[in-house]
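Student: What follows is the residue order along each chain.
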Amino acid sequence: MKTILLSMLVLGVLGGLFGALLAFASKIFHVEVDPKQAAVREVLAGANCGGCGYPGCDGYAAAVAKGEAPCNKCVAGGAAVAEKVSEIMGVSADAADKMVAFVPCSGCEGVAEKRFNYTGPIDCQAAMLFGGKSNKLCTFACIGLGNCERACQFDAMHVINGIAHVDRSKCVGCGACVDTCPKNIVQLIPESLRIHPACSSHDKGGVVMKVCTAGCIGCMKCQRECPAGAIVVKDALAEVDPEKCIGCGKCAEVCPRHIITDFTA
Amino acid sequence: MLSNIIQISLGAILINNFIFSQFLGCCPFLGCSNKVDTAVGMGLAVVFVMGLASAICWVINEYILVALHLEFLQTLAFILVIAALVQFVEMFLKKMVPSLYSALGIFLPLITTNCAVLGVVLLNVQNNYNFIESLVYGITGGIGFLLAIVLFASVRERVEFAEYPECFRGFSICLVSAALVALAFMGFSGMAIPV
Numbered sequence: 001m002k003t004i005l006l007s008m009l010v011l012g013v014l015g016g017l018f019g020a021l022l023a024f025a026s027k028i029f030h031v032e033v034d035p036k037q038a039a040v041r042e043v044l045a046g047a048n049c050g051g052c053g054y055p056g057c058d059g060y061a062a063a064v065a066k067g068e069a070p071c072n073k074c075v076a077g078g079a080a081v082a083e084k085v086s087e088i089m090g091v092s093a094d095a096a097d098k099m100v101a102f103v104p105c106s107g108c109e110g111v112a113e114k115r116f117n118y119t120g121p122i123d124c125q126a127a128m129l130f131g132g133k134s135n136k137l138c139t140f141a142c143i144g145l146g147n148c149e150r151a152c153q154f155d156a157m158h159v160i161n162g163i164a165h166v167d168r169s170k171c172v173g174c175g176a177c178v179d180t181c182p183k184n185i186v187q188l189i190p191e192s193l194r195i196h197p198a199c200s201s202h203d204k205g206g207v208v209m210k211v212c213t214a215g216c217i218g219c220m221k222c223q224r225e226c227p228a229g230a231i232v233v234k235d236a237l238a239e240v241d242p243e244k245c246i247g248c249g250k251c252a253e254v255c256p257r258h259i260i261t262d263f264t265a
Numbered sequence: 001m002l003s004n005i006i007q008i009s010l011g012a013i014l015i016n017n018f019i020f021s022q023f024l025g026c027c028p029f030l031g032c033s034n035k036v037d038t039a040v041g042m043g044l045a046v047v048f049v050m051g052l053a054s055a056i057c058w059v060i061n062e063y064i065l066v067a068l069h070l071e072f073l074q075t076l077a078f079i080l081v082i083a084a085l086v087q088f089v090e091m092f093l094k095k096m097v098p099s100l101y102s103a104l105g106i107f108l109p110l111i112t113t114n115c116a117v118l119g120v121v122l123l124n125v126q127n128n129y130n131f132i133e134s135l136v137y138g139i140t141g142g143i144g145f146l147l148a149i150v151l152f153a154s155v156r157e158r159v160e161f162a163e164y165p166e167c168f169r170g171f172s173i174c175l176v177s178a179a180l181v182a183l184a185f186m187g188f189s190g191m192a193i194p195v
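If you read the protein sequences in the order shown, they are chains V and U.
Under the numbering used here, the first residue of the first sequence is numbered 1, with each subsequent residue one higher.
Under the numbering used here, the first residue of the second sequence is numbered 1, with each subsequent residue one higher.
Watch out, some of these pointers could steer you wrong.
What the hints assert, rightly or not - Computed cross-link-like contacts, DSBU-like style, restricted to lysine-lysine with a CA-CA straight-line distance of at most 30 Å:
| no. | chain 1 | residue 1 | chain 2 | residue 2 |
| --- | --- | --- | --- | --- |
| 1 | V | Lys-66 | U | Lys-95 |
| 2 | V | Lys-36 | U | Lys-94 |
| 3 | V | Lys-250 | V | Lys-204 |
| 4 | U | Lys-35 | V | Lys-66 |
| 5 | U | Lys-95 | V | Lys-27 |
| 6 | U | Lys-94 | V | Lys-27 |
| 7 | V | Lys-2 | U | Lys-95 |
| 8 | V | Lys-183 | U | Lys-95 |
| 9 | U | Lys-95 | V | Lys-133 |
| 10 | V | Lys-133 | V | Lys-210 |
| 11 | V | Lys-114 | V | Lys-98 |
| 12 | V | Lys-36 | V | Lys-84 |
| 13 | V | Lys-84 | U | Lys-94 |
| 14 | V | Lys-183 | V | Lys-204 |
| 15 | V | Lys-170 | U | Lys-95 |
| 16 | V | Lys-204 | U | Lys-95 |
| 17 | V | Lys-84 | V | Lys-66 |
| 18 | V | Lys-133 | V | Lys-204 |
Said to hold, decoys possible - Between beta-carbon pairs, the in silico distance windows are:
| no. | chain 1 | residue 1 | chain 2 | residue 2 | range |
| --- | --- | --- | --- | --- | --- |
| 19 | U | Ser-99 | V | Pro-256 | 24 to 30 Å |
| 20 | U | Asn-34 | V | Gly-120 | 40 to 46 Å |
| 21 | U | Leu-180 | V | Lys-204 | 50 to 56 Å |
| 22 | V | Lys-210 | U | Ala-182 | 19 to 25 Å |
| 23 | U | Ser-99 | V | Leu-21 | 21 to 27 Å |
As the list claims (entries may be wrong) - To give an idea of the chain U side of the interface with chain V (calculated C-beta under 8 Å), a few residues:
| no. | residue |
| --- | --- |
| 24 | Val-66 |
| 25 | Ala-67 |
| 26 | Leu-80 |
| 27 | Met-91 |
| 28 | Lys-94 |
| 29 | Ile-139 |
| 30 | Arg-158 |
Rather than coming from a laboratory, the hints here were simulated on the basis of the structure.
Even glycine gets a Cβ: it sits at the ideal position worked out from N, Cα and C.
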């Protein structure tokens with residue numbers, strides 16, 4: 001009986017002592033936290049999954065409170081959490097256009113000419129070591145060894161037939177693929193944008209003709225056809241201005257190389 | 001005394017490495033070894049907490065539990081100490097060294113559930129170490145953990161680029177390579193330092 005009482009007493013006192021010490025320490029070592037950060041942390045899913053790209057929910061909440069991170073990055077929480085977070089931050093959830101990744105390259109197997117038959121490590125960065133170029137003759141082409149596929153946490157990026165493709169239903173627009181692409185060709189584009197040229201080559205038409213049967217040759221047909229003046233050939237490459245594009249799709253019809261991607265099709 | 005300490009240190013770092021021969025602390029070992037940077041952060045945090053926990057637990061064991069003949073409470077009391085200690089260290093770092101706090105991030109609270117920390121304080125009692133020996137065992141045990149996790153993280157970084165069968169992708173290849181690194185450490189087993 002005495003032992004039981006004594007052990008209860010000892011553990012109780014120890015626990016109480018540590019509790020008091022921690023309570024005291026939390027007062028001394030108190031760090032001012034943005035009340036918004038605490039509020040944001042409160043509504044997050046709390047899974048600490050890292051899907052947002054920050055170290056844990058606390059890290060993401062801090063970034064949101066500072067205005068460094070968008071409100072819709074909590075993957076585990078989804079749209080419901082994004083709405084609550086944006087309510088706290090005082091911005092409307094749909095204010096920001098949803099962005100999705102896009103790989104502007106059409107140089108799949110048999111379309112883009114190969115420089116050599118690459119058999120090294122399955123890694124775009126490794127393939128780039130050969131003179132800062134890659135296995136494809138076009139210096140702007142997607143290497144297709146899947147660094148973006150591995151960087152994607154949402155299974156939205158897949159290398160199909162030698163080039164990376166984005167699954168728009170899964171892409172959350174986190175930009176991990178954009179950061180990882182050694183060719184710097186992956187872009188984030190607004191999901192609402194209907195069309196985008198699937199080529200990144202700034203080479204002149206003649207050069208493109210030699211290395212790829214699908215590259216943009218800068219023929220200006222799309223520029224002439226566009227009623228809104230949204231598509232312009234700059235540096236031998238067609239570019240779309242998302243602000244001006246009305247999504248009529250006429251450029252896609254006239255393109256002789258058939259590389260202007262129509263996302264509605 | 002000195003030879004004793006050297007023996008304890010070498011034992012904790014190489015011969016009886018916590019991860020590879022005692023299989024303690026395997027969860028952070030597998031979880032935080034994706035990159036060498038994070039592995040170093042985790043390892044250093046463990047060294048710190050293990051050393052501190054050894055010292056405090058020795059005092060509590062010697063002057064409270066043994067004095068009152070309550071040795072059976074060791075596990076409970078030590079868990080209490082470690083949990084409180086990690087919380088305290090976290091608060092302290094947040095206020096005093098914010099850069100280190102943000103570098104360690106989520107790893108710091110994770111140490112609470114690291115069985116190697118509880119293992120080291122219980123082994124201190126089992127081996128009848130005195131205060132200095134306990135402290136040395138705690139710190140060198142942490143260094144052994146640091147060594148193991150950094151070595152393994154470097155291996156994993158290289159495995160990323162290797163070509164292995166598809167079915168091994170992910171944690172399978174990670175466990176296979178962990179086993180091979182552990183086998184290498186078995187080379188140290190059975191070694192003894194003459195006192």
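Student: List, from low to high, the hint numbers that the structure doesn't satisfy.
Tutor: Of the numbered hints, 7, 8, 9, 11, 15, 16, 19, 20, 22, 24, 25, 29 and 30 do not hold.
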